[in-house]
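**Q** Can you build the whole structure from these sequences, using the hints too?
Number of protein chains: 2
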Amino acid sequence: MTAQNEIQTLIDTYRQAVMAKDVEKVMTLYADDIVSFDAVKALQFKGKPAYRAHWLECMEMCPGPHLFDFDQVKIEAGEHVAFAHWLAHCGGTNEQGETQACWMRGTACYRRDAGLWRIVHEHWSAPFDMQSGSALFELQP
Amino acid sequence: MTAQNEIQTLIDTYRQAVMAKDVEKVMTLYADDIVSFDAVKALQFKGKPAYRAHWLECMEMCPGPHLFDFDQVKIEAGEHVAFAHWLAHCGGTNEQGETQACWMRGTACYRRDAGLWRIVHEHWSAPFDMQSGSALFELQP
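Quick mapping for you: the protein sequence lines, in order, are chains A and B.
The first sequence begins at 1 in the numbering used here and counts up one residue at a time.
The second sequence begins at 1 in the numbering used here and counts up one residue at a time.
Check before you lean on any hint, since a few could be wrong.
Any copy will do: because identical chains look the same in the list, a pair fits if it lies in one copy or spans two.
Straight-line alpha carbon distances no greater than 27 Å define the calculated BS3-like cross-link-like pairs of lysine-lysine that follow [stated by the list, open to error]:
| # | residue 1 | residue 2 |
| --- | --- | --- |
| 1 | K21 | K48 |
| 2 | K41 | K25 |
| 3 | K74 | K48 |
| 4 | K25 | K74 |
Bear in mind the hints are in silico, worked out from the structure with no lab data behind them.
Computed from a prediction, not measured in an experiment: that's the story for all the values here.
**A** Structure representation (structure tokens):
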């Protein structure tokens with residue numbers, strides 16, 4: 001399997017684990033020195049314990065079926081270093097049973113340690129409006 | 001020079017070109033197939049012409065001296081693929097002569113083509129507050 005295929009498989013595993021709300025499975029994909037720039041709340045989460053706590057909090061806040069589709073996935077993979085980016089259609093069902101969804105941007109950076117690819121950095125965000133400072137949740141690809 | 005040092009030099013050149021408002025210099029650092037997830041306005045900018053137009057618009061909107069300091073820079077570089085991330089203290093002077101600044105997150109992904117490192121992807125953002133949907137400009141590292 002080429003490095004490109006290995007990263008594609010890792011992305012699929014990640015996406016499915018998030019949809020299954022399997023935080024422990026998601027955590028196995030990160031390196032110990034993970035530095036995450038997540039879309040919400042803080043500038044960064046450093047290390048697995050801090051990021052696990054954030055993931056658990058996010059999962060508790062998002063009940064109902066999880067929409068998490070990746071579009072325009074682009075992968076560049078070397079022998080030991082790789083990265084990928086995509087647009088993600090993210091959503092769930094609110095307390096009224098309505099589906100709420102928006103497009104986000106995701107970037108993941110990988111390192112192969114002892115033969116295994118791990119996520120060492122990820123960056124999730126929504127762009128904001130320069131005038132209002134509000135995140136732009138209505139944008140379409 | 002190691003790949004790690006080459007990427008550090010590229011980051012320094014990028015930072016200085018942005019502070020000098022030298023958009024043409026910034027543009028020389030991007031690959032033709034640049035895909036940028038910028039902090040504002042759109043989900044993505046694809047290709048140099050679209051991204052140059054966005055850079056020019058941003059430079060026109062930010063008069064006065066430019067604050068653009070990078071902190072906690074982390075680089076991983078392979079032979080042909082590399083990435084880096086940092087926290088950036090970004091700011092300028094408004095029409096009242098007041099300095100306005102905030103911390104942003106930056107990720108850059110690189111590919112070496114014909115011996116030269118180019119930025120093929122970058123991702124800039126501020127995190128937002130989950131309740132209000134407003135970007136969090138007051139966070140400190």
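**Q** Which earlier hints turn out false for this structure, listed by number in ascending order?
**A** Checked against the structure, no hint fails, so every one of them is satisfied.
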